[in-house]
Amino acid sequence: MDPHVITRVRTVVEAAAMTKAAFARSVGLTPDKLSKSLSGVRRFTSLDLALIAEAGGTTVDWLLTGTEPLRPALAARTRGDTAADPVGAQEVAARFAAAYEVLELLGRSAELPPVPEVDAAADRYAAQGERLAAGVLELLPAAELGTDELIAAMEDRFGVDVSITALPQGVDGLAWQADSFRLVLLAPTDLWTRQRFTLAHELCHILARDARSVVVESRVAPGRQKDLAEVRANVFASHLLMPARELTEAAAAEGELTDTSFERLVVRFRVSPSALAARLHQLGLVDAGHRKRLRALTTEACHLLAGAGDAYQKQASRASAERFPPRVASELYKAYLAGETTLRPLAALLDTDVERLHELLAPEPPPGNGIEHLEQQDAEEGDPVFQP
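At position 160 of the sequence shown the residue is numbered 160 (my numbering), and the sequence of numbers has no breaks.
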């Protein structure tokens, strides 16, 4: 066993507020086995290291290599009426960071595809957002896609993992990226048009590489941001979800822009009346007075009056349900089936009890894999395979 690994394990043991014997029992070892491992007579098994890392609040990667855990650097979108909790947001993101660390250590990180980039020749941030949206629209017709389809397209085309999961109060969405992953987290909500706009907003942060440093934002309201990165992200989202050509043609096809035709446009473009009215005014299709009146409508009312109440309810239901990145969860499960890890990393990602997950996914451990198999191995010999 690498003496540096033993030194780092000893650091964890010494930092614990308990005796060495109590620490040993807390990680499923006898005091004698822990002493032998710390003296180099017995090798720590990979399961030992996983449990020691968990007890010490660190990672197996740090025990093995000394590499510090990933520290979330976030771009966050928040509601202005509630104080944001950046520390809580980072704690949520850290759950996903642990999963990415495991995949990277196992050689299962995704190969990130190239993505459209900000046009450096555009000196105005609004112009950057507009041109960036145009580049994305060449690759996927965002305005024609339902939110589920848009999420799937983002994951496939741009390698952006998207999750709908509980976030701290006041936080609507987070974007975070590193060299080996791109991640967007969305808060569950029945305000599904807001969630859809947040999704597009956070995608801009990823593409513009804003999401490598902490940004806590006030409520997004087009035209009212002082942060230029927020201006760019809002313009991007507006142009991505309501492209000028498509919206102009759709409005022209409706003829006179009445309340009834406006309601149909809300349903077609899957945006809020407020966002649509602002975009129509920007394109010169309605005046300021008309825009103000249209903004007073609600998304639900537009759908009901347009005969699309079922579509509204389906969208609201999906936006309220938890969703985890399928690629990340799938790779962790494949790693478990291949005997490279236990179910613990997947359970941590899903924020569920590992025993419960074990019952759901693997009532009987795969042959040659699983915690039970590890415990049957020769404890004195140890196992060099990483099993977090």
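Hints are computed from structural coordinates only; laboratory data are not their basis. Backbone N, C-alpha and C fix where the C-beta goes; we use that ideal spot for every residue, glycine too. Accuracy of the hints is not assured; some may be wrong.
Unchecked claim - Here are the computed distance ranges between Cβ atoms for each label pair: (1) 135 to 355: 23 to 29 Å; (2) 2 to 321: 43 to 49 Å; (3) 66 to 246: 50 to 56 Å; (4) 188 to 123: 23 to 29 Å; (5) 355 to 157: 33 to 39 Å; (6) 360 to 246: 40 to 46 Å; (7) 313 to 122: 54 to 60 Å; (8) 188 to 26: 32 to 38 Å; (9) 123 to 288: 45 to 51 Å; (10) 327 to 141: 20 to 26 Å.
Now the hints, each set against the structure:
no., hint, verdict
1, 135 to 355: 23 to 29 Å, "47 Å, violated"
2, 2 to 321: 43 to 49 Å, "45 Å, holds"
3, 66 to 246: 50 to 56 Å, "53 Å, holds"
4, 188 to 123: 23 to 29 Å, "39 Å, violated"
5, 355 to 157: 33 to 39 Å, "38 Å, holds"
6, 360 to 246: 40 to 46 Å, "43 Å, holds"
7, 313 to 122: 54 to 60 Å, "41 Å, violated"
8, 188 to 26: 32 to 38 Å, "35 Å, holds"
9, 123 to 288: 45 to 51 Å, "28 Å, violated"
10, 327 to 141: 20 to 26 Å, "22 Å, holds"
Of the numbered hints listed earlier, those contradicted by the structure are 1, 4, 7 and 9.
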